[in-house]
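**Student:** Input sequences plus hints: build the corresponding full structure.
2 protein chains.
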Amino acid sequence: MTASDDDLAAGGGLLHRRTLLRGGVLAGGLGAAFAARAADGIGEGSPETMRVPGAPFSGYGVPAHWRGDIKRSIGAVPDRPGTGASRTPLERLEGTITPAGLHYERHHNGIPDIDPAAHTLIVHGLVKQPLVFSLDALLRYPMHSRAAFVECAGNSGGMIAPQPAQTTAGGLHGLVSCSEWTGVPLSLLLDEAGVDPRATWLLAEGGDAAGMSRSVPLWKCRDDAMIALYQNGEPIRPEQGFPMRLLLPGFQGNMNVKWLRRLKLTVGPTFTKDETSRYTELMPDGKAREFMVEMGVKSVITRPSFGLNMQGPGLYEISGLAWSGAGKIAKVEVSADGGKSWAQAALNGPVQDKALTRFRLPWRWQGAPSLLLSRATDEHGNVQPKRADWLAQYAPGQAYQFNAIAAWQVEAGGGIKHAYA
Amino acid sequence: MTASDDDLAAGGGLLHRRTLLRGGVLAGGLGAAFAARAADGIGEGSPETMRVPGAPFSGYGVPAHWRGDIKRSIGAVPDRPGTGASRTPLERLEGTITPAGLHYERHHNGIPDIDPAAHTLIVHGLVKQPLVFSLDALLRYPMHSRAAFVECAGNSGGMIAPQPAQTTAGGLHGLVSCSEWTGVPLSLLLDEAGVDPRATWLLAEGGDAAGMSRSVPLWKCRDDAMIALYQNGEPIRPEQGFPMRLLLPGFQGNMNVKWLRRLKLTVGPTFTKDETSRYTELMPDGKAREFMVEMGVKSVITRPSFGLNMQGPGLYEISGLAWSGAGKIAKVEVSADGGKSWAQAALNGPVQDKALTRFRLPWRWQGAPSLLLSRATDEHGNVQPKRADWLAQYAPGQAYQFNAIAAWQVEAGGGIKHAYA
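Residue numbers (my numbering), protein chains in the order written: chain G, 106 to 526; chain Y, 106 to 526.
The set of hints was computed from the structure by calculation and includes no laboratory data. Warning: the hint list may mix true and false statements.
One copy or two, either will do: identical chains are not told apart, so a pair holds if it fits within one copy or between any two.
Below 20 Å or equal to it, Euclidean Cα-Cα: the simulated SDA-like pairs (lysine to any residue) are [stated by the list, open to error]: (1) LYS522 <-> SER239; (2) LYS433 <-> GLY454; (3) LYS491 <-> GLN268; (4) LYS445 <-> PRO474; (5) LYS176 <-> PRO221; (6) LYS436 <-> HIS249; (7) LYS436 <-> ALA270; (8) LYS378 <-> VAL157; (9) LYS433 <-> PRO455; (10) LYS392 <-> VAL237; (11) LYS233 <-> GLY417; (12) LYS433 <-> ASN453; (13) LYS436 <-> ASN453; (14) LYS433 <-> VAL488; (15) LYS436 <-> SER446; (16) LYS392 <-> ASP184; (17) LYS522 <-> ILE265; (18) LYS491 <-> GLY443; (19) LYS378 <-> SER151; (20) LYS233 <-> VAL157; (21) LYS392 <-> VAL488; (22) LYS491 <-> GLU386; (23) LYS491 <-> MET388; (24) LYS522 <-> GLY262; (25) LYS433 <-> GLU484; (26) LYS378 <-> ARG156.
**Tutor:** Below you can see the structure in the form of structure tokens.
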């Protein structure tokens, strides 16, 4: 992997995203004796694993024990083990799908254990005919599969702290995950119940001990909302709402109500505890902004990042995730010199609506201190703001909907720190 | 969900794929008292799960215990617990991604337990410079993420039996799965080693006790082959080749060599035990066909299917999977009358190259016996053959590369049997 100066796209060694990398610098050369041994197959020099039968089959597989440290990081309220959040270890993952076992969690009073045969979804309120759906009934409806991220409104909120917290990409930004969801378009169920023309919102309530409930504008319910029954191909996991959740692509995570038990059509918002005591944004004038529910355009570099130190100067790939609650990612720019110059990253397609998008850019790190930033732009022209500009929008201490540019400081020795740009 | 006769697209009640379903037939109506109770939130009539705190967080989540019966079905050789296969329960899944824990397995001598820090990938043979890559070195290379199915050459081979086996979609066709794979394009490593112009194939060898080894044409290695390091976002699972496997999108599963330890560039095929004693097709003239390695165009209806009985006449969605080793799926047609008439199913996008594609079609089952078929066509015009035509290509007993049209017989009482069309 070599690259010439002609391939430079921006300062600090960032290369053009279509740079072809050639020539040997990362691999080791093989001595002649080693190469000869390597050719022997199950013979001298072959690994021990080729001489003993391996492990048998399993009904449901688990990760390699060598990677048992790839886990969600749990932060729960003292004495309330089911209240808090767990975060996806973004820095240990690649691609765009989050394994269901590592999807972030945010529970307000634990994970209910719901018998799917006894569970029902009720559609009532301002409808011509209140209806009740069993899971078996829903399984007969036309379904749709799509990728979608879910992100907690509080994700990256730690970045309002005066000093950058020294923790991982997942620790900072891991309240976002992405799955292939399959379920029944909500519009079908609303049509079946017959929505009263006076209804413009609905109340969605979960069957958990927090009675999680949020008001959702009707236009969203008729647009791309679904009753999600499957996640990454299998029935939705308990932490994600088994046996069913509301999926509102691009909206705050908490509105994607888990363990969904009823939808009540209403004239306006219900102003539930979950949308008044929290999930509102305090503005500089002392008023709280409500129902700003669409997640902003955002990106984070996952590799290199805090905890994944450099292995000496040379070629690396910068890899990260970008997303927007408004639609598709159009562009991600990367800077290695703290924002003085930018190079455009390659987007790993297919780029999907309201889903995580992987971006990649080759980088020749020359061993000097480098401040790495990423800046995403979505198809509507929304661009990630600088941290100072984001902070200026709100009252001090307001941490919801944080989507400013994040940064990693690569030090001369190869260590990586969280930094503010 | 109602539909008029105007929506009929083919015999047996198949509806046009863009039929809008309206009106209540599947949901139950709510009595006034029930509707009133439903409105109470955490009050009278609310479920027990709303009154007690739920379960706490977990580092790595698992499926709901209510769905503990969704497992791979294991078929191993007696006294050799690591030799055989396990199958994906296709009829219990939806969407296109297979959870890693349910990805089919085919092992020839068990799953080796490989220390990733000690594992190396060797590139040698007809190269300018033999090279050895550690996992840490590979993690610095440019990567690519893509969806791809992997299918065993023996998948659906049971369909050569004179009588249709009475088993599930997964039991018949479950040696196919689909993941989002991330890894290093093989072409980069070959360029780095410098391929001798005399080399036109390479030998890929696994580090398992079967020493699984296959010859791969060089054009494929330069096209879309990768050294896969991640599966569905996380490090590749032990059953799928931890810490690395060869991914050859669209080629026979066994060629996607797991636990990959070396690639030897060669003048021609090596004719290993794994490509001569098996994975060849016996032809009617007594000769065996070798290296027909691209999987054919294929489809299977997963719902309704054997084991998922009908719940009485009315509207249903027919849902299934289609794929082709040659590229993208262009069209899937469905018949409910044994092939007399066909309706075109909707393809759930994005339709991706050499990946599973979900197809869907609304169906009004009127309670009569119905023979359900699906027939896929890929972007190159390849069409699934009829079973009789497929069988006529080969010597009796040859079961590899089976891709003929499959069928389910829906009986008047709602039972579903496997059938031949």
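**Student:** Classify it for me, LYS491 with MET388: is the Cα-Cα distance of at most 20 Å met within a copy, between copies, both or neither?
**Tutor:** Answer is within: at 18 Å inside a copy they meet the 20 Å cutoff, but 67 Å across does not.
**Student:** Classify it for me, LYS392 with VAL488: is the Cα-Cα distance of at most 20 Å met within a copy, between copies, both or neither?
**Tutor:** Classified as neither; 25 Å inside a copy, 63 Å across copies.
**Student:** When no copy is named, should LYS445 and PRO474 be tagged within, between, both, or neither for a Cα gap of at most 20 Å?
**Tutor:** This pair counts as within: shortest intra-copy Cα distance 14 Å, inter-copy 70 Å.
**Student:** Could you place LYS378 and SER151 in one of the four classes (within, between, both, neither) given a Cα distance threshold of 20 Å?
**Tutor:** between (64 Å within a copy, 18 Å between copies)
**Student:** Pop the pair LYS233 and VAL157 into one bin, within, between, both or neither, using alpha-carbon distances up to 20 Å.
**Tutor:** Classified as neither: same-chain Cα gap 68 Å, cross-chain 34 Å, threshold 20 Å.
**Student:** Indicate which option fits the pair LYS433, VAL488 if close means a Cα-Cα distance not exceeding 20 Å: within, between, both or neither.
**Tutor:** within (12 Å within a copy, 34 Å between copies)
**Student:** When Cα atoms must be at most 20 Å apart, do LYS433 and ASN453 count as within-copy, between-copy, both, or neither?
**Tutor:** Result: close both inside a copy and across copies, 13 Å intra and 18 Å inter.
**Student:** What label fits LYS522 with SER239 when the C-alpha limit is 20 Å: within, between, both, or neither?
**Tutor:** neither (51 Å within a copy, 26 Å between copies)
**Student:** If the cut is 20 Å between Cα atoms, do LYS436 and SER446 qualify within a copy, between copies, both or neither?
**Tutor:** within (15 Å within a copy, 47 Å between copies)
**Student:** Can you give me the call for LYS491 and GLY443, within, between, both or neither, at a CA distance of at most 20 Å?
**Tutor:** within (12 Å within a copy, 62 Å between copies)
**Student:** My question is about LYS233 and GLY417: at a cut-off of 20 Å on alpha-carbon distance, are they close within one copy, between copies, both, or neither?
**Tutor:** neither (68 Å within a copy, 26 Å between copies)
**Student:** Are the CA atoms of LYS378 and ARG156 at most 20 Å apart within a copy, between copies, both, or neither?
**Tutor:** So LYS378 and ARG156 pass the 20 Å test across copies only (17 Å; inside, 62 Å).
Checked against the numbered hints given earlier, this structure breaks hints 1, 7, 10, 11, 16, 20 and 21; the rest are met.
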